[in-house]
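Colleague: Letter by letter, the chains look like this.
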Amino acid sequence: MSTASIPLTKSAPLSFETRVRSLKLAIVASLLLIWEAMARSGLLFEDVVPSIVVVVAALGGVLVDPVFYSNLAITAWEVGTAILVGGVTGLAVGFVLGNSRFLSRAYEPFLYYLGPTPKIIFFPLLIMWFGIGPGSKAALGALSSFFPIAIATAAAIRSVDPILLRVGASFRLSRWQTFYKIFLPAIRGPLTNGFRLGLGIAIIGTVLAETKLSNQGIGYLIIQTYTTFNMARMYALLLLLFAIAILLNAALSRLARRFGA
Amino acid sequence: MRQVGAQLRDVTRQGTANFALEIKDLLMQFETPQGPVVAVDRMSVGVEQGRFVSIIGPSGCGKSTVFNIVGGLLRGYQGDVTVAGTRMDGPHKDIGMVFQEESTFPWRTVIDNVVFPLEVSGVPRAERYDRARSFIRMVGLEGFEQRFPAELSGGMRQRVAIARTLAFEPKILLMDEPFAALDEQTRLLLGDHILKIQQELRQTTVLITHNITEAVQLSDKIVIMTYRPGRLKRVLDIDLPRPRTSEVVGSPEFGAYVAEIWKDLREEASRGMQDAEARSRSS
Ligand SMILES: Nc1ncnc2c1ncn2[C@@H]1O[C@H](COP(=O)(O)OP(=O)(O)O)[C@@H](O)[C@H]1O
Ligand SMILES: [Mg+2]
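Residue numbers (this note's numbering), protein chains in the order written: chain F, 17 to 277; chain Y, 4 to 286.
Don't take each hint at face value.
[Unchecked claim] Negatives, chain F to chain Y, calculated, CB over 12 angstroms:
#1 L41
#2 L181
#3 V183
#4 A185
[What the hints assert, rightly or not] Here are the simulated DSS-like pairs of lysine-lysine, each with C-alpha atoms no more than 30 angstroms apart in a straight line:
#5 K266(Y) with K27(Y)
#6 K96(Y) with K197(F)
#7 K27(Y) with K96(Y)
#8 K174(Y) with K266(Y)
#9 K27(Y) with K197(F)
[Unchecked claim] One side of the interface only, derived from the structure: several residues of chain F facing chain Y at Cβ under 8 angstroms:
#10 L180
#11 S186
#12 F187
#13 R188
#14 L189
#15 Q193
For the record, the hints were derived by calculation from the structure and aren't laboratory data. Small disclaimer: the values here were computed from a predicted structure and weren't measured. Glycine included, every Cβ here is placed at the ideal spot set by N, Cα and C.
Model the full structure from these sequences, guided by the hints.
Modeller: Have a look at this one:
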């Protein structure tokens, strides 16, 4: 009878989510405060840790600067091409490996070895193949995103309930119909997650390549501000890059959740 | 040897035309690590157009093997399977399968599940949804069109699977223990649905089951199989009046049929049970 006193529903005035959200806000606020304190203490070079006011002003400057947008467009094209190429090839390779025990045993170990290697080591090669323009950056991004997408696809294909394939066979589906009517919808949850990982890695790969050797793109802008020692503008660009990556990630994880991953 | 086999097959290519489905001397052997297992041993069954035939036998006697062969999903058998007189080669457009396992597409709503076979064969959108709705009505699921399988009970999901197969508009409906996972009451009520559909469509139906009540309730003819190897033991005609409902279960004739079948099945079932016990003892 004593168990009757245990409440079945939470009666806390603030929901769990609200409390998490306020803590997040507090973390950001205190980080900003520490930053500002450091900037004002005079212990560090003013240029290395500029005041938030200065960074915000630079941010405003970047946001009205057409140069920023033309370079953003370049980077967006590179990342878009990277995820498209890496995604389609990753999907195709993952599909084949997921369907063949033989091929997966033979090839998948290589995916696992090569997957975590930093792809930037291939950048010199890619420059020779695709030139120093956006092509080589997109190629590096594609190479980076290929691995997580291929691995995620292969694993997802193997988890498809065989009964659904037997249903498809009994309805006399063609190979292609089996792929896009059964496999693709059955794996779209884990697949979206794979693409999310792939996209993050494609952004890293592309921007990193831009900082190495290029004359356009966000990575190039960042390196340029660094070499001209325009720290406030550099921080502004970094903040914008973070914001874009976070937004894309959030959009894709929402999609993945909708698909039940 | 192949040549001779091919010639012999040619001679018998035309099955007996008055059967909608005919199985002749079917033999299926599986290679297992413990050696070959004969799952089905020279079994012959003929199903007339529009009839409801049940194949009954204890678990492990080879029923699903027959189901998969007739459905065209399992090859490597010997003997003949003919549909309306012509030999089968892979899944046949006249045969619709309902599986024992949970088989609805979880990412599709009820109506989108039922529409599936029409969608893949390119029936225009408006028409296929109209047709799907009529099959949903037939299995008694109107009002649930927009639900997802996860929101339904097991019995409802199995009815979705049946409606989906009906939408394929097969000449022969082939079902492998479609109600095995359901409780007895649900099973009897779903039997009523099946009887009504049979009444309406006059569909040739082959039901595979291990449930005697279900077989007698629904069938015109019952084929009893032996356990290991799966052979034909006996064929029994069920002369219960149609239209039928589950109320037939209370009639003395019904009871007599059940007793009759149990007499034959008892021996097979106990052999199956001994086998299962021996297996679990040795493992
Ligand atoms: N793919 C297979 N490989 C080896 N043995 C099998 C295979 N499928 C079925 N069997 C064996 O064939 C026999 C009949 O199986 P099955 O047709 O599933 O029986 P039922 O459906 O009547 O329970 C069983 O002994 C089973 O172990
Ligand atoms: Mg079975």
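Colleague: Against this structure, judge whether each hint is valid.
Modeller: Outcome of the hint check:
| no. | hint | result |
| --- | --- | --- |
| 1 | L41 | holds, 36 angstroms |
| 2 | L181 | violated, 10 angstroms |
| 3 | V183 | violated, 5 angstroms |
| 4 | A185 | violated, 6 angstroms |
| 5 | K266(Y) with K27(Y) | holds, 26 angstroms |
| 6 | K96(Y) with K197(F) | holds, 19 angstroms |
| 7 | K27(Y) with K96(Y) | holds, 20 angstroms |
| 8 | K174(Y) with K266(Y) | violated, 33 angstroms |
| 9 | K27(Y) with K197(F) | violated, 35 angstroms |
| 10 | L180 | holds, 7 angstroms |
| 11 | S186 | holds, 4 angstroms |
| 12 | F187 | holds, 5 angstroms |
| 13 | R188 | holds, 5 angstroms |
| 14 | L189 | holds, 6 angstroms |
| 15 | Q193 | holds, 5 angstroms |
Checked against the numbered hints above, the structure violates hints 2, 3, 4, 8, 9; every other hint is satisfied.
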